[in-house]
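Trainee: Combine both chains into one complex, guided by the hints.
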Amino acid sequence: MTPPQTPRDIRVAVVEDQPLYRQMLATLIATSDGFAVAGEYETAAAASEADARAIDVALLDLRLGDGDGLTVGRRLRQRNPRMGALLLSASDSTHVLLDIPRPEAQGWGYLSKTSSLSAPALLWAIRAVAEGRNVLDPEIRARREIRQQSPLATLSPRQREVLGLVAEGLTNAAIAEELGLSPRSIDAHLNAVYAELGIQARQDRNPRVEAVRAYLSYTAPAPW
Amino acid sequence: MVNAPEARRRQAPAAEPDGARTDRRIMVGVVAVLAAAIAVFTSVQSVMVLGVFSHVISGVEREPWRELAVRVSVNLVGVALLVAGVAAVRPERRRPLVRVLAVVGIALAAAIARAVLQVVNGVWDPAVPDGFATIAVEVAATTVILVLAQSIGLGFVALWRRARDGERARTAAQERAVQLLRQLQEEELRVRREIAETIHGSVQGIFVVLEAQLRRIAADAAPTDREQLDAVAAQLGALREGELRSLSHRLYPVDLARGTDAAIRTLLARLPAWVGVADDASQTLAAAGPRLPLEARVVIVRVVEEGLSNALRHGEARSIRLEGRATEGGLTLDLCSDGVSPAADAVPSGLDRLARRAEVLGGALTLTPVDPADGGGARLHLWLPFPA
Numbered sequence: 003m004t005p006p007q008t009p010r011d012i013r014v015a016v017v018e019d020q021p022l023y024r025q026m027l028a029t030l031i032a033t034s035d036g037f038a039v040a041g042e043y044e045t046a047a048a049a050s051e052a053d054a055r056a057i058d059v060a061l062l063d064l065r066l067g068d069g070d071g072l073t074v075g076r077r078l079r080q081r082n083p084r085m086g087a088l089l090l091s092a093s094d095s096t097h098v099l100l101d102i103p104r105p106e107a108q109g110w111g112y113l114s115k116t117s118s119l120s121a122p123a124l125l126w127a128i129r130a131v132a133e134g135r136n137v138l139d140p141e142i143r144a145r146r147e148i149r150q151q152s153p154l155a156t157l158s159p160r161q162r163e164v165l166g167l168v169a170e171g172l173t174n175a176a177i178a179e180e181l182g183l184s185p186r187s188i189d190a191h192l193n194a195v196y197a198e199l200g201i202q203a204r205q206d207r208n209p210r211v212e213a214v215r216a217y218l219s220y221t222a223p224a225p226w
Numbered sequence: 004m005v006n007a008p009e010a011r012r013r014q015a016p017a018a019e020p021d022g023a024r025t026d027r028r029i030m031v032g033v034v035a036v037l038a039a040a041i042a043v044f045t046s047v048q049s050v051m052v053l054g055v056f057s058h059v060i061s062g063v064e065r066e067p068w069r070e071l072a073v074r075v076s077v078n079l080v081g082v083a084l085l086v087a088g089v090a091a092v093r094p095e096r097r098r099p100l101v102r103v104l105a106v107v108g109i110a111l112a113a114a115i116a117r118a119v120l121q122v123v124n125g126v127w128d129p130a131v132p133d134g135f136a137t138i139a140v141e142v143a144a145t146t147v148i149l150v151l152a153q154s155i156g157l158g159f160v161a162l163w164r165r166a167r168d169g170e171r172a173r174t175a176a177q178e179r180a181v182q183l184l185r186q187l188q189e190e191e192l193r194v195r196r197e198i199a200e201t202i203h204g205s206v207q208g209i210f211v212v213l214e215a216q217l218r219r220i221a222a223d224a225a226p227t228d229r230e231q232l233d234a235v236a237a238q239l240g241a242l243r244e245g246e247l248r249s250l251s252h253r254l255y256p257v258d259l260a261r262g263t264d265a266a267i268r269t270l271l272a273r274l275p276a277w278v279g280v281a282d283d284a285s286q287t288l289a290a291a292g293p294r295l296p297l298e299a300r301v302v303i304v305r306v307v308e309e310g311l312s313n314a315l316r317h318g319e320a321r322s323i324r325l326e327g328r329a330t331e332g333g334l335t336l337d338l339c340s341d342g343v344s345p346a347a348d349a350v351p352s353g354l355d356r357l358a359r360r361a362e363v364l365g366g367a368l369t370l371t372p373v374d375p376a377d378g379g380g381a382r383l384h385l386w387l388p389f390p391a
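Residue numbers (the numbering used here), protein chains in the order written: chain A, 3 to 226; chain B, 4 to 391.
Looking at chain B on its own, in the form it has when it is part of the complex (with noise of 0.2 Å):
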């Protein structure tokens, strides 16, 4: 179904493309200006340096500087005469052989269109001896000029055209790549989100079914049999709630799945108990979560999970605020935290990892150390777009 607007531009007549637009400017720009020099260099040409003189100029006595008016005159309107055919007829858009003619065509009538003019003003004599075959002659002559002139500017337009032609190649071999690098991330997740899950899930599973059993075993054993179960099972426990579960969180943050906030919320809720949070960012986040692309959302938990790594091993820090607001045609996070600033050019890798593939979803990551007379430690910025 084609709405009413959508119907309305399908009748309208189809607009010039920008690359015809730019062609047609190129050509008409080239010849003219070649056109007018070479019409004003052969009048000062003929009258300054040849002495060239016209036959009648009517009861005009000779006087080199108004032939020259009149002759570059006779050839600038010659020369518009040539710039309104090729702006019309358009011989850069036509197939070889039409294109020959219609260059051909123009330049010989306007070097016609010129020679009548130069008659008209006495410039030549047709009533002289070999009047007309001068001027055939100057015809001829202008007719190649002119055919030289808009080869020139077509070969401007092919030039023009081969460099935008390698440019649009370029442009979509780059957003090729760009599809491409996002079609593997996105399969890098969903293959990374899969095991974590599994892991999180099924693997995590097994594990307290087989503690259960040791234990359930242990408790029916001799005592120190008893004692050696309980040990193991207290490894498979810590396993399980370590191993496994960093192994998981590394591979892809499985909270994810129940929003943006809540992943980051997880984040929080997992710092130690003597570090002081305050959380003004989760509404923020549950608000815009959903419209972020799945990456920007990993970079966001990745970025806060660093954040926070960073603050606690290098700061020290014993207060963490996180502060997210939704801006024009983006969203900033902020995670600030006290405690031990970092140095001014410090950029820790996993930030730096970080801040480019930030990047690439058109974002910044920024760290800045807090002046330590302020109450030291740092504030990490990032600033991702926000999709419409």
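The shape of chain A in the complex, shown without the other chains (with noise of 0.2 Å):
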């Protein structure tokens, strides 16, 4: 049975055509404190079509019988433009966030079908994308290679390893814990990493996400 949903709930809508593997999502959220299910849909149509409003984060299947998920969730952050996205797909295909113009990249994740049944790693997912940070799945991120010849080339060892974890989308203070450095010193790897890339600060683009497209241009699944 559903919790009765309370204020601070994430409130967020199932979007997949494979009913068993749906339901198996829903219950996941709907059995999880702090997160509420907002909908659950099976198609691309029936999703395009929901009270956006009343969504938070969209999980949404890469793939659907009548469409795709990045398509409905562009449509729904059209109707709200502070939902979160989550995709979700059986396989790296990550470059696809690259199809989402700068000025929407903002809030999307992209996670493996195996880890979101994993709900650790789907609900840090979805609490993430609902606070606008960008996510990767950190078992697909770390499967990939920095490309040769490409800008990340040139970064340095822990450059690199400081990006690979803000596409993961971790925060300074929580990227800091993670390598057991200061907060200061890595603002001063991104800072870094930023100039290597020609990253500049502008107000109409938010440096992280580009720091997050970046990675994805320049990175390349390992052979499976």
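Where hints are given, some of them may not hold.
[To be verified] The following label-pair restraints were derived from C-beta to C-beta distances:
| hint | chain 1 | residue 1 | chain 2 | residue 2 | range |
| --- | --- | --- | --- | --- | --- |
| 1 | B | GLU197 | A | ASP189 | 45 to 55 Å |
| 2 | B | SER352 | A | THR156 | 36 to 46 Å |
| 3 | A | ALA203 | B | VAL181 | 54 to 64 Å |
Everything labelled a hint here was simulated from the structure, so no lab data went into it.
In this text, a Cβ means the ideal position worked out from N, Cα and C, and glycines have one as well.
Mentor: Structure representation (structure tokens):
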């Protein structure tokens, strides 16, 4: 039974055409504290018509029978720009995040379907995109390699490490804790990464989002 | 609702169709040439061979060249009248019975006109004994000859029409065949897409759920069973990620649904990290993609896919650049890779097949080796016509 929704609950819509998988996701969310299911949708058409203002985060299967989760997410965010969107896919197609226009790129995440069935990984990612962060599945991220002859190839190992954790959606404090460094040191590394990648502070562009886009552009999945 | 230019077109007299115009030219041309040749030939034969001279050419002595000039002139005037009649009445356009009457009528009118001119010019004298009978025979013979000339003209027109109708039938059959082929290709693509999306979506999803269930069971199982169950789950994962994904993509590039540029980016994104990639084609493809027919978009994706595969497998490429340009009337795509140059006459079977598909769309696909002195590798060039 779905627990009663509280004002603090993150309302999650589940958009997935595979009934069993959709049911598993919905059950996992509904039984977790601080989360509520805002709706379950089987098709892109039905999800696109949902009340976007009643959704904090949309869990979107990348490949739907009548469309794709990316398009559905963009449609919903046109009506609720603060909504987070988490794409789910059975494979590493993270480059699809680059198809999102820059002004809309914040608050998107990508999780493998395998990871999505682990409650901690799923709930952490939902919370992160709800806060407007960009999230890449750590398992997928760990299997990505920096492309030769790309700007990322010139980064130091530490800078690459920091950039990878930014791509996973970690805050600077969390990265500092993960690497056992001071937050000030993380700031310095990140600024060096921005400088190396030519990312400048601009009012219309979040440098963190730009860094994630650069990460996606210049990394490739390792052979399976 | 009919717009103004359309209304004007409808009110204007119907233009003569190309076929009817050609029929008239053939008919008039054949009749004119034949009749003129006969006119000259009969005059020369009468005067120079048979020695027939006019009964009366007022005040002029019998002189062969003058006699010939008079007869040829009169005959040619008759020919001109015949041709004018044919051009005006258009016997080739009439129904059979009317056509016969028209041909005989034109021939008779031209023959009578010629006879009158001959009498006026003193070629014939009706006053001499049997003069009228001679003129009547002359008119009858001329009529028969002119009917024959027109019949030959009609014969040429009939031959031309038969050839034209045959050509039209062949063209129609070819167009129908192309249309059927296109419909077949569209249907094939639709079915392929449906199956690929099912594999990519639902089937992979089921595998994910099965993996998760296996791992859950494994977590509660005895250590030896857990190891085996985890191994089976891992095999399922490998099958899903490798075989199913590859099968789905071979059937249809599902990313095409998000655009040609997105499908190409997917291919480039999956290149191994040790290959440097420069994508200078996405913007062009994003702009041109929606205007290209689906088959052309599939060909673009397949060409890039095959080119990348060849560059890695045979060319051992370390650097790949994709360039796209919209040119006048077409779209060009160049896939440039370094590494081992292919042989000058190399035509890999995959590319050969794709070249034929590009040709069906009115395009072309060529593979050019790059001289090792210039870095080696190859340039794969695709051109496809761009719909207006």
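Trainee: Which numbered hints does this structure break?
Mentor: No numbers; nothing is violated.
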